[in-house]
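Chains as they are written, first to last, in our numbering: chain A, 1466 to 1896; chain B, 415 to 476.
Since the hints were made in silico from the structure, they are not lab data.
It should be emphasised that the depicted structure is a prediction, and the values quoted were computed from it without experimental measurement.
Mixed in with the good hints, there may be bad ones.
[Unchecked claim] Here are some, though not all, of the chain B residues that point toward chain A, as calculated from beta-carbon distances under 7 Å:
no., residue
1, Ile444
2, Pro445
3, Val447
4, Glu448
5, Gly456
6, Thr457
7, Leu458
[To be verified] With a cut-off of at most 25 Å between alpha-carbon atoms, the simulated DMTMM-like pairs for lysine to aspartate or glutamate come out as follows:
no., chain 1, residue 1, chain 2, residue 2
8, A, Lys1676, A, Asp1546
9, A, Lys1474, B, Asp430
10, A, Lys1474, B, Asp453
11, A, Lys1474, A, Asp1546
12, A, Lys1472, A, Glu1810
13, A, Lys1474, A, Glu1578
[To be verified] A few chain A positions that, by computed beta-carbon distances, are all more than 12 Å from chain B:
no., residue
14, Gln1501
15, Arg1665
16, Gly1795
17, Gly1811
18, Arg1812
19, Ala1837
20, Glu1857
Positions of the beta carbon are idealized from the N, C-alpha and C atoms, including for glycine.
Here are the chains, one letter per residue:
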Amino acid sequence: MPVWYEKLKPFVEEGALDIVGIVQEQHPDRAVLYAQWRGFDFPILWDPFGATGLEVVPVLTGIDEHGVVRVARPGLDRFVDEFVAAFLQESFEAPEGEEPVPGFELTRAMASEREEPVGSADRAIARLLLGRSGAPTIGADVAALEALADVGRPVDRFRAGVARRLRYDGPAASAEDFQRAVDHWRSALLARPDQYIWRRRIQQWGPRLDKPYAFYDWVESARAEVEARGEVPVEVLVPLSGSEVAGASQAIPIGEEDDREPDPTGGVARDAGAHAQLETAVARHTAAAGPRIRVPSGSARVHVTLRPRGPSKWAVDADPAQLWLELPDGWTAERRLIEFPAPREGREQRPLRVDFGVSSPLVDLGPPDPDAPPPPSEATLGGYVVYSICLEDGTCVFRRQDVEIVVPLMDRAGDGDQGDPAGDRKGKGDD
Amino acid sequence: MPTSVAALLLAALSADEIDPSVWSTSGQRIPAVELPLIDGSGTLSLADLRGRKLLLIQFASW
């Protein structure tokens, strides 16, 4: 338990103070484990859609008994002394007249009678917050947020991305959900490049060259410490991807060159998607997410998901599924042969996921040459996956699906400029 | 209707985006916020905590 919480907990226990946390993360289960690990027994709220409007975390606010901010962003080093002296010991008068600004109230949003498509977007957010990836209305909810994203503000595009990623993590995933999520987040960030929380959402699944730090490398040590205390660690429901635990790096770590192609003759029977759904998503370096920024290379993180269709199941006693990567000239990747994690017994219908870094050849950033052909706007990485999968009748077969991974190298003209009424607001990004 | 005009109209109507400075400006009333708890065990409205002092910590575990 952190020192600050140890010092404040007595005030909570004697009824002088409430402590509430709010996390903006996509996946709440990780915050539940974090709270268990750190001994946070105060309520923590989940705000993946950014209802509080924050652009940066952490923000600490002391609020009086009338709902008025009295101490704002106290520095952690002098936090307890300042907080106790200037806030907890003082009495405040109720302000007169002024009404609070509107916010987001889940119960009210569920019953929203606002004009469409805004009203349906309000309800969609509320239902997704309650039902998460398994929300029974998730198809309609994603559609409602997409409709607003098409014509709305950057925050609407960010929220559509959150909804897409939520669906990707659940049983109703569509093949393009993850990529659409990343695209929405990128479009939102292009319009508001100082939005630190949106940038972090992309970096979470982005390349190591773009990471300020590892996002969830604490999870393993948290589990171990919780177990050492004799407790059962909270389960992380959505598996951590490689990009979420990878730390910052100045270069892509290149693997062994003796990777052997699993199906060099192309003899493995093709699965046209009947048994497994193949999904790809590419999260690019966010340095390109600014209207006047050019990046020297197409550093990106590629995510590949294999999802059993219908009654199909992974064969747990077979070799793990593999991805073979064909790279254009000059491109690099961590490996050319990438192995999916082995399916676990009892989880044979869960999706299998891998992710890895790729980088394009360096681009000359010299003065523009009017006679030179325009640089390519995207590159396509080829390859295929091979996997063993068991069908409804119990027969297990070995199958292959070819894959094309499109890596954009620049943002399209017009990306991120769909109108931003809040665009002139001063940002607080502290990158 | 041109897309840009439609966008402006929708922006005027659409789900409110809280100005983040409200959380760090002394003297500001906090907006009404009701969200689910991270463990899915229910929801909490900050308005329900009126009458006691509140320390609100907005953070991320990453």
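Here is what the structure says about each hint:
no., hint, verdict
1, Ile444, "holds (5 Å)"
2, Pro445, "holds (3 Å)"
3, Val447, "holds (5 Å)"
4, Glu448, "holds (4 Å)"
5, Gly456, "violated (9 Å)"
6, Thr457, "holds (5 Å)"
7, Leu458, "holds (5 Å)"
8, Lys1676/A / Asp1546/A, "violated (34 Å)"
9, Lys1474/A / Asp430/B, "violated (34 Å)"
10, Lys1474/A / Asp453/B, "holds (21 Å)"
11, Lys1474/A / Asp1546/A, "holds (14 Å)"
12, Lys1472/A / Glu1810/A, "violated (46 Å)"
13, Lys1474/A / Glu1578/A, "violated (41 Å)"
14, Gln1501, "violated (10 Å)"
15, Arg1665, "violated (7 Å)"
16, Gly1795, "holds (33 Å)"
17, Gly1811, "holds (22 Å)"
18, Arg1812, "holds (21 Å)"
19, Ala1837, "holds (34 Å)"
20, Glu1857, "holds (33 Å)"
The structure fails to meet hints 5, 8, 9, 12, 13, 14 and 15 from the earlier list, while all remaining hints are met.
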